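Given the coordinates of chain D, work out where chains P and B should sit on it, guided by the hints.
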Amino acid sequence: MPPRPVEKHVHPRGIFSRFKGNLEAIAIGVKYFFDPKRSTLIYPKEYIKLREGYRGFIVLVKNKCISCSSCARICPAAAMKMVKVPVTDPKTGKQRIKKFPVINYNRCIFCGYCVDVCPTEALYHVPYHDIVYESMEEAVTDLESFQKEPEYKTAKEGLPVRYIVDEVKGLVKIRVKKEGGEKK
Amino acid sequence: MSGIVRGTVGFNDLKLPGAWTRKIGKDLYEVFIGPQHPGSGHMRIIIRVDGDIIVEAEPDMGYVHRTMEKLSEVRTWIKSIPLFERMAIHDACNVTLPYVRAVEKLLGIEAPERAKYLRVLLCEINRIAAFLYGFGIFGVFLGHSTMYMWPFGDREVWVELAEWLTGARLTHTYPVFGGVRRDVPAGFTDALRKAIRYMRRRLEDYRKIFVDNPVIRSRLEGVGYIPRNLAIELGITGPNLRASGVKYDVRMNHPYEVYDQLDFEIPVFQEGDAYARVLQRVEEIKQSLRILEQVADWLDKHERSPILHDRFWKTAPPLYKKVFQEQGRAKLMAVYAILKVPKGKAYERGETARGEISYYVESDGKNTPYRVRIHSASARNALVYKYILPGHRVMDLPAIYGSIDYFPPEADR
Amino acid sequence: MTGWVEAIIKIIEWPPLWQLVVLGLIAPLAVVIYILWFERKTAARVQRRIGPYHVSPRIAGGLQLLADLIRYSFQEVIIPKTVDKAAFISAPLIALILSILPVVAIPFTDVPKWFPLPMDYSLILALALVTLSPLFIIVAGWASNNKFAIIGGMREAYLIVSYEIIAILSFLAATAMTGTYNLVDIVHAQTGWKWFIVLNPLAFFTAFVGVLLSTSGFPFEIAESEHEVVAGAFTEYSGLMYGINMGAAYLKRMIYSLLLTVVFLGGWYPLKPGEGFIWGYLAPSIVIFIKATILMMIFSFFRAVYGRYRLDQAIEIAWKILFPLTVIAFGLGLLEAYYGII
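Chains as they are written, first to last, in our numbering: chain D, 1 to 184; chain P, 1 to 413; chain B, 1 to 342.
This is chain D alone, in the form it adopts within the complex (with noise of 0.2 Å):
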C-alpha cells in the first residue's frame, strides 16, 4: 500500500486539560527523578569499546600493498598521498622504486573509501577513534607509523564498555572485554 495523506487536526483543549496537563508534566518529572534510566559514559574511567567495522584510524599492510594508488585517488581530502620507496625485489634481488600510501591524520575524514576501493585488502581501519597528537605534524604519518596501530592511551587507563539498545532504557552499558569479545 503506497504512502497516502491523512488529514490530522490539533487536539483542542478541554477544560480540565491544563490542570492534567500540569499534572502529567509533574508526575512524569518525579517518575524520572526517582528512576533515571541514565546510561551516561563515565569517560575516561570507561571508553565505549567501538564494534568491529567502526571506521577508525586506518592502518596499512605494506606486503599486501600492490602500489596501485587507488586508495590516493579517490581520497575526498587528499589526505592519502603516495610515497616512493626503493624496495629490493624478492625474486630478482633488484632495487627498485615501489610506491606506498601514507596518511595525513589532519585532513582525513574517516570515509573509509580508502580501505573499501584497496583491490588486496592492505588497509584497515582499528576500531577506536580517540586518539590525541600532540602536534600538527606528529598527526602526518610516514611510511613506518603507518604500518602501525596508532596508540590509544584511554584503552589504558578505562574499562571498555559497549552500548546495547535496549527497549526500556533506551541504551544499556554493559562490560566488554579489552581484547575480542563481550563479557558477561
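Calculated from the structure, these hints are not laboratory results. These numbers come from a predicted model, not from an experiment. The reader is advised that the hints may include incorrect statements.
As the list claims (entries may be wrong) - Derived coverage of chain B by chain D (criterion: at least 3 residues anywhere in the stretch with Cβ under 8 Å from a Cβ of chain D; other residues may be distant):
1. 45–54
2. 302–310
To be verified - DSS-like, lysine-lysine: derived pairs with alpha carbons at most 27 Å apart:
3. 208/P - 8/D
4. 208/P - 37/D
5. 286/P - 81/D
6. 62/D - 208/P
7. 70/P - 286/P
8. 20/D - 286/P
Even glycine gets a Cβ: it sits at the ideal position worked out from N, Cα and C.
Same frame as chain D, now just chains P and B:
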C-alpha cells in the same frame, strides 16, 4: 481559526509575500539576534521592535557558507558525497541520496532492491535522529531543558544504530553510485525493533512533559501561523509545509527507492501554527518507525544479496565477494575513483527531515561534474521568518525559530 | 579568658547581628549553595544525566558550586566603557542587600528577648522590604546600556507590577484570618497542626506561584530568558558581579520561602521554643530553615519540568487567574475567621 495570535498587528492583511507593509517609525528598537546570540544558530535575524511587538524581521543568512557547489566541480564524482554530507551532518543519508540518484540516472543504472531497502533504512534512521535533534533545540529555546536533554539522549539510540550499520556515527557516506556500502550486520534488525519499541514508549513521555505541557501549548498555539497560500507562495517544504495543510511529500508525490511499496501515512495538519508543526514532527516520527518496521521485516525475509549494481559488482574479484559475504562490506571497484559520467543533465529530489532537497547535476562527460546545483530545504524555510515574525512578540522569536527547525549549514551550503 | 568567650557569644547572640548576619546571610547562602547543587542534580536526574560529578565524585559533585563560586570570584570583572558606572556597580549590591534585609522582620522564635525588631507590624515590614530589590534590577539593566539588558529590565518591570499584588495579598490572607500583622501571633494561631496551608490552601498556592513569578523561577523565568535576551538585565555583568546578581535572586527566593514557612507552614511548629539560646532561638530557626529548604527544593524541581511562559502570558496568568484566586483566598480567610475556625 486557531492561528491568529492575540495582540497581532495587521496580521489579517498578510496574504502574499511582500504584500505586508507598514510604515516603520523612527522610535523603533533594533535588536540583532545572532550570529553569536545564544538564541540563534549560525545566522542573524535583525528585528525591529515596537514595544514588545516585532514590526520587521530580516533573516541574514550565509555565515556558514562553504562554496559546496563550486567545490564539487573540482572533485571527482564520488568525492562529492562526503562533501554534501556536511550540509546536514545529522541527516547525512537523506541529504546525499538525491545526488547519488541523479548521478545514477546519468549513468543509467539503478541500485539493486536490497540496496534500496538499505537506503530507506538509513534514511529513516537519519530522519528520526534529525527530528529529535530539532526537538532538542526547540526545547531549549523554550527554556525546557528536559526536552533538550531527552531527545538528544534518545537520538543516541539511532546514532548508535547508524554507526553499527555504516561504521560512522554521523558522516555515514553510505549510499554510493549503484548501491550502498554495507549490508546489515547480524543482529541488527533485532536491535532496530527494540529501538522502535523504545521510541514509541518515549514519544508518550515526550507528550507528557512537552507536547501536552500547558506551558508549551500556551507558548506555541496560535504562534507563527503560516497560512496555506503563504506556505505555497514561499515554497516552504517539509513538515512545515505539511503542517499548513498542504499534502506534499516527495516520498509520496515523487516516490523514490522503495517508498511506494511501503505502507505508511503522510500526516497533514491543518492548523499551520508552531504547535501543529510540533505535532507534525511527532506524527512523522511515528510514521518513520512504521517504515523501519517494514524494512526490518523485509531484511529478515531476504538473504544477503549484492548491494551494488552489476556494473560495479559483476567484475569484482573473488576477494571482494569473500569480504562481502564475511563482513557485509561491499568493496568499491577502482573505477569509482576515476568514474566518467556520460554527458547529460539530471534532476533528482528527496525528502530530508527538513523538507525537500533537490539536486541539478550536469555532466560534460568528464570525471568531475560540470555543475551541481543544490536547493536545500532550510534555504527555502528560512525565508519564512521575514513574513511571519512581524506581528509577534519578541518572546515568540525562539518559538517560531525553533518550530521551523531551521538548520543554517544546510541553507548556506 | 572565659570573659572573652562569653563576650563573643554575647555578641553573636545579639539578635540584630545573629538575625541579619547568621540567619540573614550565612545560613541562606549555605542553603542557596545547596539548592543550586540540588537544582543541577535534580535537573540532571530528570534529564537522565549525572550532573555535577567530577569535582568531588565521592559526594556526588557536592563541591561543584564551591568551585563555581571560586571561579566567579577570581574572574575579571569587566566594566564596559559605555555603562553608567555608579549605577552599574551599586545596583547589584543594593539589590543583594535589599533581598536579605527582610529577614530582620521574620521572627525565628516567640521569645521577645530574641526579636531584632518589635514584631507588631512585621508582616507588612517584611513584604515591603521584599518588594524593593527588583527596582535595582531595572536600574542595573538601564545602567548597562545594552539592548538586551534594557529589554530584560523592562520585562522585570512588567512582572513586578503583576506579581507584587498577588504575593502581598496572599500573604495578607493570613492577616485576614488572624486579624494581626504580627508574624509571631500568626505562627501562634497555627498551633496544633492548624497550619494555614491546610486551612487556606488557595492562599498558599497563590503565594507560591507569586514567589515563582517574583524570583523568576520556572515556568516564569522570563526576565533572564537566555534565548531572547542573553541574560536579561545582567548581560553586561561578569565575574563576581554576575554571581552577586544571580545569588541575589536565589537569596530573595530563600527569604520568600522563610516567609512562606512562617505564614503558611506553621513556623517553628511542631517544636515549641523553650528556655535559653539553644532551645529558644537556634532550634526553632533550624526547623524554619528545614521547611524553607524543602520549599526551595520544590521550586527548583520545576526547572526540570517546565519551559517558560511568554511575558504577556505570565502577566495574563497573574491578572486573570491568580489575582481572582488571591481575592477568593483572602475572602476564604475572612470567612474562616468569621466562623471561628482559626
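**Asked** Going straight from one Cα to the other, do residue 20/D and residue 286/P come out at no more than 27 Å?
**Response** holds, 24 Å
**8 Å C-beta criterion, at least three residues: is the region 45–54 of chain B covered by chain D** = Since 7 is at least three, the answer is holds.
**Prompt:** Does the alpha-carbon distance linking residue 70/P and residue 286/P stay inside the 27 Å limit?
**Reply:** violated, 38 Å
**Asked** Does the alpha-carbon distance linking residue 208/P and residue 8/D stay inside the 27 Å limit?
**Response** Status holds; Cα separation ~20 Å.
**Item:** Pairwise hint evaluation, residue 37/D against residue 208/P, where the allowed Cα distance is 27 Å at most
**Value:** holds, 17 Å
**Message:** Can you tell me if the region 302–310 of chain B counts as covered by chain D, using C-beta to C-beta distances under 8 Å and a minimum of three residues?
**Reply:** Holds: 3 residues of the region 302–310 of chain B have a Cβ under 8 Å from chain D.
**Prompt:** Within 27 Å, alpha carbon to alpha carbon, are residue 62/D and residue 208/P?
**Reply:** violated, 58 Å
**Request:** Take the C-alpha atoms of residue 286/P and residue 81/D, compute the straight-line distance between them, and say whether it is at most 27 Å.
**Result:** violated, 46 Å
Going down the numbered hints, you'll see the structure goes against 5, 6 and 7, while the others check out.
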